[in-house]
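Student: If you're matching them up, the sequences are chains A and B in order. Using our numbering, read the first sequence as starting at 1 and increasing by one per residue. Using our numbering, read the second sequence as starting at 156 and increasing by one per residue.
No lab work stands behind these hints: they were computed from the structure. Do not rely on the hints blindly, as some may be mistaken.
Derived lysine-lysine pairs resembling BS3-like cross-links, with alpha carbons at most 25 Å apart [claimed, not checked]:
1. Lys359(B) to Lys117(A)
2. Lys117(A) to Lys360(B)
3. Lys187(B) to Lys263(B)
These stretches of chain A come out as covered by chain B in the derived footprint (C-beta under 8 Å, 3 or more residues) [as the list claims (entries may be wrong)]:
4. 24-30
5. 52-66
6. 116-123
7. 135-142
Just so you know, even glycine gets a beta-carbon here, dropped at the ideal spot from N, CA and C.
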Amino acid sequence: MGFSKWVRESSSIFAFPSVLLLHTIGMGVVVGINAGIDLRILGIAPALPLAPMERFLPLLWLGFWVNAATGIVLVIVDATAKLSNPDFYAKMVFIALALINLRLLRNRVLRDPLVDKAPLSTQAKVLAATSLFFWLAAITAGRLMAYVGGRDIGQ
Amino acid sequence: MNLAHIHLLLNHFPTVGFAIGLGLLVLAITSKKDELKRASLVVVFLVALITIPTYLSGNAAQSALQERTDLSQAAIRAHEGAAFWGYLFMEITGFIAWLGLWYFRIVKRVANWNVAAVFVLGVLTFSVMTRAANLGGEIRHPEIQSAGALADNANVPDIAKSIGLFVNGHSWVWPTCETLHFIGLSLLFTVVLIVDLRLLGMAKKFSFAALYQLLPLGILGFSMNLVTGMLFFIASPEQYVKNVSFHWKILFVMLAGINALYFMLVEEPWAIGPGDDAPAFAKFAAASAIFLWVGVLFFGHMLPFLGNSF
Numbered sequence: 001m002g003f004s005k006w007v008r009e010s011s012s013i014f015a016f017p018s019v020l021l022l023h024t025i026g027m028g029v030v031v032g033i034n035a036g037i038d039l040r041i042l043g044i045a046p047a048l049p050l051a052p053m054e055r056f057l058p059l060l061w062l063g064f065w066v067n068a069a070t071g072i073v074l075v076i077v078d079a080t081a082k083l084s085n086p087d088f089y090a091k092m093v094f095i096a097l098a099l100i101n102l103r104l105l106r107n108r109v110l111r112d113p114l115v116d117k118a119p120l121s122t123q124a125k126v127l128a129a130t131s132l133f134f135w136l137a138a139i140t141a142g143r144l145m146a147y148v149g150g151r152d153i154g155q
Numbered sequence: 156m157n158l159a160h161i162h163l164l165l166n167h168f169p170t171v172g173f174a175i176g177l178g179l180l181v182l183a184i185t186s187k188k189d190e191l192k193r194a195s196l197v198v199v200f201l202v203a204l205i206t207i208p209t210y211l212s213g214n215a216a217q218s219a220l221q222e223r224t225d226l227s228q229a230a231i232r233a234h235e236g237a238a239f240w241g242y243l244f245m246e247i248t249g250f251i252a253w254l255g256l257w258y259f260r261i262v263k264r265v266a267n268w269n270v271a272a273v274f275v276l277g278v279l280t281f282s283v284m285t286r287a288a289n290l291g292g293e294i295r296h297p298e299i300q301s302a303g304a305l306a307d308n309a310n311v312p313d314i315a316k317s318i319g320l321f322v323n324g325h326s327w328v329w330p331t332c333e334t335l336h337f338i339g340l341s342l343l344f345t346v347v348l349i350v351d352l353r354l355l356g357m358a359k360k361f362s363f364a365a366l367y368q369l370l371p372l373g374i375l376g377f378s379m380n381l382v383t384g385m386l387f388f389i390a391s392p393e394q395y396v397k398n399v400s401f402h403w404k405i406l407f408v409m410l411a412g413i414n415a416l417y418f419m420l421v422e423e424p425w426a427i428g429p430g431d432d433a434p435a436f437a438k439f440a441a442a443s444a445i446f447l448w449v450g451v452l453f454f455g456h457m458l459p460f461l462g463n464s465f
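In isolation and in its complexed conformation, chain A is listed as follows (with noise of 0.2 Å):
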């Protein structure tokens, strides 16, 4: 495949470099914004309200459209060993888990009329420490993927 090779033997900058870091960045706005929201519900900044927060999440979706995007390029140019790493599978169950757990943390916190009216629900609190966890474990996951399983280009 003529772009795959480029991107893993190209020295040029906008080659792997470069989706490398894209993917980085989208790590950052993805994780940082929906982190943001999850330590507001365990109890920091309590004086932010939390409804607001939802204006922030088209950002934090592009910011996952892009690790999609750029995610898929890192695969293909890597197949073989990444789709026959354990750890890789472990990163895809930890964000699929992530984003079904923003989707409730939107409908079930952020939408719910209540929100920064009455104090915050056990449910929301739960929800908001499940978020994290899986965030964590999807970063450490996929940061490990260097290092278990297979080769990755990246080292």
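Given the coordinates of chain A, work out where chain B should sit on it, guided by the hints.
Tutor: Chain B alone, transformed into the frame defined by chain A:
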């Protein structure tokens, strides 16, 4: 000019600059003036910031001198060991000073616990740092060396070397630190994006003051990355000392640190209430914060590609 020059250029800030900050703090405590207290916290924070490249460039100076037989390599190692402790205390003190500046915005006065903590840590930092500076001076000026000093220092374990051995000797340490570095990056991005995008016009329902409460998260992320980043550097300085991408990264960290002061010290952004449009300069500061932090990430990312890491 090379990095060894930079080390010579910067190396008086951690002692002389810090003494000015500490003196100002004593003056502020005795005169009970809040503005003076804040000014001294700013000086302490800036000196802590400048101590980062001072420490890092020391490794370049060391490698420039390692072939020299007319200089005592033991004296250089003794200086490095002492400088490590000075650096560690300095960064902790700088962090507490920053915390005080942040807390001032929440409670509208300078907290006594903070001034006391910065003072005690500051005195400790100063004593450790002057020892490092003195040992640094002895490298080039054997005439100031006290007789038994080198013999004493030979018995002090080389802390940077032990840390390097620990990081390189256990295969789990480097990947764990990398993972923590990524988590720290995400925490820092949380605050940078949410606060700065609000100023640029997103989610205007938030007042600036409400969002500013998130800042300790960002500084927590930054501290995690400073610690893990230092572990990488100490374990494998040859990957970074001559790496142009690393130089740019540290420069961008410095600029981003100065940028952060704008939001803490200038009154302008604090007047931005729910629904308000931010003034032009606040928007500029917000855009440059995003630019600088993405730049830090960019150059960190480019370490193996534009430079010689890994």
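Student: Hints first: check each against the structure and report whether it holds.
Tutor: Outcome of the hint check:
Taken as a hint, the Lys359(B) and Lys117(A) pair is honoured in the structure, with Cα atoms around 20 Å apart against an allowance of 25 Å. A threshold of 25 Å between alpha carbons decides the hint, and for Lys117(A) with Lys360(B) the separation of about 16 Å falls inside it, so the pair holds. Between Lys187(B) and Lys263(B) the CA atoms are separated by roughly 15 Å; this keeps the pair inside 25 Å, and the hint holds. Residues of the stretch 24-30 of chain A lying with their CB closer than 8 Å to a CB of chain B number 5, which satisfies the three-residue condition for coverage.
As drawn, the stretch 52-66 of chain A meets chain B at 5 residues by the rule of a beta-carbon pair under 8 Å; at three or more, the given contact holds. A count of 0 residues in the stretch 116-123 of chain A with a Cβ less than 8 Å from any Cβ of chain B is obtained; the coverage claim is therefore unmet, three being the minimum. With 5 residues having a beta carbon nearer than 8 Å to a beta carbon of chain B, the stretch 135-142 of chain A meets the requirement of three or more and the stated coverage holds.
The structure fails to meet hint 6 from the earlier list, while all remaining hints are met.
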